Amino acid sequence: MLLAILLLVSPARAQDAFTAALPGLAGGFGQIAEAVEKLGASADPRALPLLQALQEGRLLKREDGTLLLQTDAGTSEVPTGRPAEAGDAEAVRVNNRVRGALRGALGSLQILSTNPEERLKAAEDVFRSRSAQNIAPLEAALARETIPAIRAQLELSLAASRLASPDNAVRLQGINALAEVTDQNARALLLETKAQAPDLARQIDGAVAKIEGRLKVRQMVETFFQGLSLGSVLLLAALGLAVTFGVMGVINMAHGEMVMLGAYATYMVQEALSGTALAPFALPLAIPAAFLLAAAVGAVLERGLIRYLYGRPLETLLMTFGVGMILQQAVRLIFGAQNREVVSPAWMQGTLTLGGLSLTANRVWIIVFGLLVLGLVVAAIRYTRFGLEMRAVVQNRRIAATMGIRTGRVDALTFAFGSGIAGMAGVALSQIDNVSPNLGTGYIIDSFMVVVFGGVGSLAGTLVGALTLGVLNKVMEPYAGAVLAKVVVLVGIMLFIQRRPRGMFALKGRAAEA
Amino acid sequence: MTNFTLTRRGALAGLGAALATPAIPSAFAQGAPIKVGVLHSLSGTMAISETALRDTVLMMVEDQNRKGGLLGRRLQAVVVDPASNWPLFAEKARELLQVAKVDVTFGCWTSVSRKSVLPVFEELKGLLFYPVQYEGEEQSPNIFYTGAAPNQQAIPALDYLLGPDGGSAKRIALLGTDYVYPRTTNRILRNYLVSKGFAAADIMEEYTPFGHSDWQGIVSSVKRFASAGKKTAIVSTINGDANVPFYRELGNQGIKAEDIPSVAFSVGEEELAGIDARPLVGHLAAWNYFMSVKSQVNDQFIAMWRAYIKNPRRVTNDPMEATYTGFKMWAQAVTASGTTNVADVTKAVIGQKVATPSGYIEEMGANHHLSKPVMIGEIQANGQFNIVYKTPGAVPAENWSPYIPENANRRR
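For the protein sequence lines, the chains are L and S, in the order given.
Everything in the first sequence is counted per my numbering, starting at 1 for the first residue and increasing by one.
Everything in the second sequence is counted per my numbering, starting at 1001 for the first residue and increasing by one.
Source of the hints: derived by calculation from the structure; they are not laboratory data.
Predicted model, so just to flag it, every value in this text is computed and none were measured.
This list has only true hints and no planted wrong ones.
In silico contact screen, one side only, chain S against chain L (beta carbon under 8 Å); selected entries: (1) Asp-1241; (2) Ile-1275; (3) Asn-1386.
Glycine included, every Cβ here is placed at the ideal spot set by N, Cα and C.
Kindly generate the complete structure, drawing on both the sequences and the hints.
What follows is the structure, given as structure tokens:
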């Protein structure tokens, strides 16, 4: 089969195409793109290293238009291969148009590569070059391919290439194949072809309608996922507050700054570990570090200031507000006003494909992390001695004290625990938001909203509240826009609180009156 | 609370005084110093961008003093901090004009801060140089605008996207932060597209709050918008650090610049300096200056900046270049008119020419706006821009856009 393809393109003609295309590479962006397309179609063995060099900025151009190829072995002239001095030759510059052409050309040249990863990437890239010339090589590649994921991509690219054929029968084959795919690119391609082939309009409309029907379902699932993801961010931000405000009743306006400290702790761990063997694990290691840092600050805050203000919510509010500003300014003095960059590890970048759905990896991990942290908080409150003492102090401080519980210590630990949870939220937020001194201010209102909406003192309420708000926001966003969606949700909460002042999961009994 | 604010302002005023250039003991015996006001936020959300502009003005003042000052008098910078607080901008402007009695002021970044100080400068007959690209639809006798008007940035950038090199876009998504600059600019761009025969269905417009971080929904809807079989491009007037999660989401959802290119009007070298630019390669920005411009003046400008800031890796950007240009024009006008009197200097500034770091000679027009070259750059992995397009010459400013019907007749 491979032999057949090689025979299809006679060597003499291929070489001519190669040499003929070369001068274009020294021209303007439009000429370069054209030359790249020709080189991709030439199937000449010399085209691949040349195009790779162009992509990596290793193809140089002298002022007179001579092309030079830079490799590890040295610099040589193209196409003669004579060694040459780079001198003041400049790299041939590429723009988006050239880059697009390059992807297509490299794809068609690497489609038979022995490396499966390269083959998959090539199959994806060929999709965009959409040339009828790719049909034969793609059919050949498909006949040899055994890996299902690459086969699927090859079939998609083959169908796309068939659309570019002048023969309506071949085009129809492509249309029918694409109709079975659930992919926005396929829809785009079909609509594009419709403009070129008006006589196939009916078939194309049918195929597009099929694709759209399936896309609609997928879109609903995706919106729901985005809502869950926003909800999990809200949950993480609010969980710490559910402890300090929900359980202890402290209106902690510095809560956002605890989140911010957690994000900076992530940055510090990353910097401390950079260059060491532990560097890939910086993010998991940052979780305990962020917890400890925020918890320590929380403990100092409680012992140093808040405990003198129990029972005076207004003063607590003002004081913690001030502490928040001090923390912000302190961070600004230490780290500077510029945002800090926390690198995302590779497993948090790109998309994960789950049953045909592509979900962004960082969001999936944050949902998982949010649920883990919730589990941790529930377990700590339900099953540990500290949790028992905490509940005892909240329910009846004096009786708890007579039972021998050091209530002051429990207060400090509870506040530190809540702050530490906020710090852990900071680790997650460093992956999706800017690590800046005012990171926390964006989340403080949302956190209070979630806790109050869900029901003060109820962890289940916090969970349900966060997810409800997240999904509501995302469902409304496409219709109302990001700004109005937020406004509508806020108005909704105001009306809800009017009717049910204690939130969704109101505490009942004596504890509620305390 | 009031008490607290007062003390804070007191502290800031003290800071401002401390930051002013120290007196240079030299031969400027004759006459009182010429006072140069600096009105840039040194704290709050805009500090990230505006601090560099404060430093640029201080650098220019120092440079001018080294050259012997102006009219035989020494220059003295008066720095105040309006703290990214729009009403405070007006108060600080009043303080500069009435208390410090400055001869000229360099300042403001956001349009809302400029709108806040404009009545003060007009009432007290002050002189302000505003160095940032903006939405136009304004012309005050007391302000010189050294940044771009929409026809010197937004419209040429759109033309590039619609042309063959930009991918011949047939659908445009206008994404912006929700305030006056993006809304006005997008209104101009929408009317421009309609005049080019675009259907309303081929234009998408979406706004987000300052500091927006959850871009999943919007990027998905852009993807959906782009799947109608027509080449799609994004025009971004997203401001500030919301750009970072926006670009990250583009990368995570697999949108490459070759497929859906985006052109930004508020992302420059300074903004890219703090982030990993690799996922952004190929996305575009339109400005009137890039640090990667090859010109003698630019080499000198970069060297001067790095020497002044004592950091060999600091970057320059477009608003800094506009500050440089504005300062040079003012200095030339003072020399030409032989006085610092605002009315005389204002007359003398019009028609001044300066060889700028952009590699072009820019001239101040009678409409108080500069003629400027337009450049479009693609982001490179190192956070610099690869210039893929520039106009052959400097373009005069149209501060009253013909695409805003109610103001179009105000053009001369």
